[in-house]
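Asker: Using the sequences and the accompanying hints, generate a full structural model.
This is what each chain is made of:
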Amino acid sequence: MEALTLLGQGFSVALTLQNLLWCLLGCTLGTAIGVLPGVGPALTIALLLPATAKLDPTGALIMFAGIYYGGMFGGSTTAILLNTPGESASIVTALEGNQMAKRGRAGPALATAAIGSCVAGTIATLLLTLLAPVVVDLALKFGPAEYFALMVLAFTTVSTVLGASALRGFAGLFLGLAIGLVGIDAITAQPRFAMGVPELLDGIDVVIVAVGLFAVGETLYLAAYQGNRTETVEKLSGSIWMSGADWARSWKAWLRGTAIGFPFGSIPAGGAEIPTFLSYAAEKKLSKHPEEFGKGAIEGVAGPEAANNASSTGSLVPLLTLGLPTSATAAIILAAFQQFGLQPGPTLFSSQPDLVWGLIASLYIGNVMLLVLNLPMVGLWVRLLTIPRPLLYGGILLFATLGAYGLRQSWFDLLLLYLIGVVGCIMRRHDFPIAPVIIGLILGPLAEQQFRRALSISQGDMSVFVTHPISATLLGVAALVVVVPWGLWWFRRDRTK
Amino acid sequence: MSGRTGQLAVSLALLAFGVALAVGTWFLPNTTGYAQVGPRLFPGLIAGGTILFGVLLVTQALLTGFKNTPESSDPTIEGASVNWPAVAWLSAGGMAQMVLIAHLGFILTSTVVFFAAARAFGSRRPLRDLLLGFVLATVVYFLFTRALTLSLPWGSLMPGEF
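For the record, the sequence lines run as chains A and B. If you're matching positions, the first sequence starts at 2 in our numbering and goes up one per residue. If you're matching positions, the second sequence starts at 55 in our numbering and goes up one per residue.
One or more hints might be untrue.
Computed Cβ-Cβ distance ranges for the label pairs, DEER-style [said to hold, decoys possible]: (1) A:227 x B:73: 30 to 40 Å; (2) B:67 x A:252: 48 to 58 Å; (3) B:201 x A:199: 30 to 40 Å; (4) B:121 x A:478: 50 to 60 Å; (5) A:355 x B:142: 31 to 41 Å; (6) A:105 x B:73: 57 to 67 Å; (7) B:192 x A:378: 23 to 33 Å.
No lab work stands behind these hints, which were simulated from the structure alone. These numbers come from a predicted model, not from an experiment. Even for Gly, the Cβ is constructed at its ideal location relative to N, Cα and C.
Answerer: Right under this line is the structure:
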């Protein structure tokens, strides 16, 4: 019950007027960028990093958390009305949601998504509250070897899971790890890969990489390959409220979605996409109206939306307790902590209890705010979808400059931004996932620190990673994540011959 | 460039990048001291990994082509040609800003970027785009430099000083 006392203390931080306003601002921004195609929470938080460096860390992080899960709420609106998922975790929502909208049931689809997200988010936050202290106790027993093994596991899962091909996932990961090497080595103060360029001695900032890949790369790609494709926005007609039958069919799907989503988020299994697919499959199997699937079944919206929110809240467990990000957005939030000189992990819970528990308390408040922001005001958000693409991407590039140049007023950063944008465009063209690059970039330097610390303790003996039982287990799981899919592929290939 | 040629080019680029990393690592001075492992070991591992996945991707591009790409489900992308004028507009906007931002400031150069991007996406209303870009850039400039603590350049050649 110690957790509840700490949570109470957290609420006293989160309920101050200033922090409530940060939370509201984050939720509003998050919803807006979730609705807008082409802008996601990872990009938005990255853009705001330079501008928030001198603010109070608690307020800034509460705002970033609001953007993080607000984006999930807003993403469903785009998926339902436009059939273009704003976030990859909303792909499944688009399947049934857009069908409902085409049949004049956009209102109930948006309602079940928003209420389901709120229910799932609240339950998941409760689980986070109870689970976090337990993981912290466990994590305090971890040494450098265990941390390194944990990071290797996170690297392998995000590379194999977040994208269509493990091979391209790993290519992205190593690109990110390599970018993370540039700059002065933290332990020996030795410059590495700076090629004599003074601007590179500080390393390549995560803001430049994230904004370059997500904003500039995406804009270049769309301009180069898709030009002026037009999309149709479904009309929001009729009542937005759900009927009794809609409620009856939705609530179980919300709970099942939460049960599937939270565990997936809280283990380093990479992203919110898989639980949404699992939830969709489960609802289809359990539904009394399987014939409606593909034609607008409300369970097919309720379950996956709950799953994606529960999973994104769940991924705050490894982020806060272990400092381990499992998605691109979580990685950028980790960079936000670092910007304030904070390192998420078990020690943060004892050194900054007000910040951590204030942040967790703000999640409860934010979930309610988002429900209010999304349901009655959905008409307002829908109007964002009517912004013409030339103006939308003009605006995105304007903000990209702001983030990149605001770092240290250097034209060199704008050059890097453009070059990384070109790389991002090529990666997008050949379907390389972006998230492993960001995670490799942010987690790479931390992994190297733990790696060298572990070897320094063991006097250079490499076997330390396999003689420690926890570390050996984690590395074993990481190896399985890579080997098992390959094995299955070989097995299937032999059978089809 | 067709899909397969492009895939091969990208894979070779990754491989070359890995080799460059390996060479760069080789020339790093090895100062181990008390730490047992110096600044070379980890970069060496990353270079090795990059080369490994570069080789695997080159092999895949040559033998079968990349697996599970958007092309395999949506063949219309395969033949899609690059809209070079759009890329040129975007690049020109970016380059102009890079060169001019310190002198003409954030507001004017961002207006140019906004205009160039709108043009790249097919807008044919230059006056509206310039005006909207200018208004947005001005609002953003004062919001971020006044309400938040970001510093953005006013421009050394601009009249006045804000």
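Asker: Hints first: check each against the structure and report whether it holds.
Answerer: The hints, checked one at a time:
1. A:227 x B:73: 30 to 40 Å: Holds, since residue 227 of chain A and residue 73 of chain B (Cβ atoms, about 34 Å apart) stay within the stated range.
2. B:67 x A:252: 48 to 58 Å: Holds, at about 51 Å.
3. B:201 x A:199: 30 to 40 Å: holds, 32 Å
4. B:121 x A:478: 50 to 60 Å: With a Cβ separation near 24 Å, residue 121 of chain B and residue 478 of chain A fall outside 50 to 60 Å, so the hint is violated.
5. A:355 x B:142: 31 to 41 Å: Because 52 Å falls outside the window, the suggested range is violated.
6. A:105 x B:73: 57 to 67 Å: Since residue 105 of chain A and residue 73 of chain B have Cβ atoms about 59 Å apart, the given range 57 to 67 Å holds.
7. B:192 x A:378: 23 to 33 Å: At roughly 28 Å between Cβ atoms, residue 378 of chain A and residue 192 of chain B fall inside 23 to 33 Å, so the hint holds.
Of the numbered hints given earlier, the model fails hints 4, 5; all others are met.
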